[in-house]
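Enquirer: Sequence:
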Amino acid sequence: MASVVFSAGIDSVSGALSKPSKSGQHSCNKMLLATHRVAASSNPNCNRLFIRKPVKRSTEPTQLELAARTRFTAVQAAVNTRMKNLSTIAADREAFEAQKDLAGGKTTLKSYLWKVCGDTYDAQNG
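So for the sequence shown, this note's numbering puts the first residue at 33; every next one is plus one.
Simulated from the structure, these hints should not be mistaken for lab results.
Please read all numbers here as calculations on a predicted model, not as lab measurements.
Treat the hints with caution; some may be incorrect.
[What the hints assert, rightly or not] For lysine-lysine, the following DSSO-like pairs were computed, each having C-alpha atoms within a straight-line distance of at most 30 Å:
| # | residue 1 | residue 2 |
| --- | --- | --- |
| 1 | 88 | 62 |
| 2 | 138 | 116 |
| 3 | 116 | 132 |
| 4 | 51 | 62 |
| 5 | 51 | 85 |
| 6 | 147 | 116 |
| 7 | 132 | 147 |
| 8 | 85 | 62 |
| 9 | 88 | 51 |
| 10 | 116 | 142 |
| 11 | 132 | 142 |
[As the list claims (entries may be wrong)] Taking CB as the label site, the calculated pair distances span:
| # | residue 1 | residue 2 | range |
| --- | --- | --- | --- |
| 12 | 133 | 91 | 39 to 49 Å |
| 13 | 71 | 40 | 20 to 30 Å |
| 14 | 63 | 152 | 30 to 40 Å |
For glycine and all other residues, C-beta sits at the position ideal for the given N, C-alpha and C.
With the hints as extra help, turn the sequences into a complete structure.
Expert: This is the structure:
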């Protein structure tokens with residue numbers, strides 16, 4: 033993954049810049065992708081460039097990977113539910129604002145909720 037700066041006048045590009053050819057003598061499996069991050073973040077580098085090629089996994093996922101996937105799915109669902117819950121959003125915003133300027137504080141509401149929901153998940157599931 034690389035950080036990209038486009039020519040003057042072009043702020044961002046998103047999508048495939050080249051796709052693999054499915055016919056002809058010269059058919060490669062690589063795809064050149066450019067992405068522009070629109071999610072809130074403190075990182076100023078929002079343009080990325082990837083070379084994507086097909087990858088086949090050689091091993092089965094480990095128990096640790098499966099546990100991480102399960103945690104991610106559960107925490108993501110909890111964050112999405114909490115972001116839409118009108119009864120807790122005011123308290124969440126107040127708690128977020130209180131910790132935002134502290135050392136190690138989360139800088140976006142979503143990252144703060146990921147931490148809170150992640151800590152809750154970890155406490156419930158050991």
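Enquirer: For each hint, tell me whether it holds in the structure or not.
Expert: Here is what the structure says about each hint:
1. 88 to 62: Holds, at roughly 14 Å.
2. 138 to 116: holds, 20 Å
3. 116 to 132: holds, 21 Å
4. 51 to 62: It holds: about 7 Å lies between the C-alpha atoms, which stays within 30 Å.
5. 51 to 85: With a Cα-Cα distance of about 10 Å, the restraint between residue 51 and residue 85 holds, given a limit of 30 Å.
6. 147 to 116: holds, 17 Å
7. 132 to 147: holds, 13 Å
8. 85 to 62: Holds. Residue 85 to residue 62 sits at ~5 Å (cutoff 30 Å).
9. 88 to 51: holds, 19 Å
10. 116 to 142: holds, 12 Å
11. 132 to 142: Distance ~12 Å between residue 132 and residue 142 Cα, so the pair holds.
12. 133 to 91: 39 to 49 Å: holds, 44 Å
13. 71 to 40: 20 to 30 Å: holds, 26 Å
14. 63 to 152: 30 to 40 Å: holds, 39 Å
Hint compliance for this structure: every hint is met.
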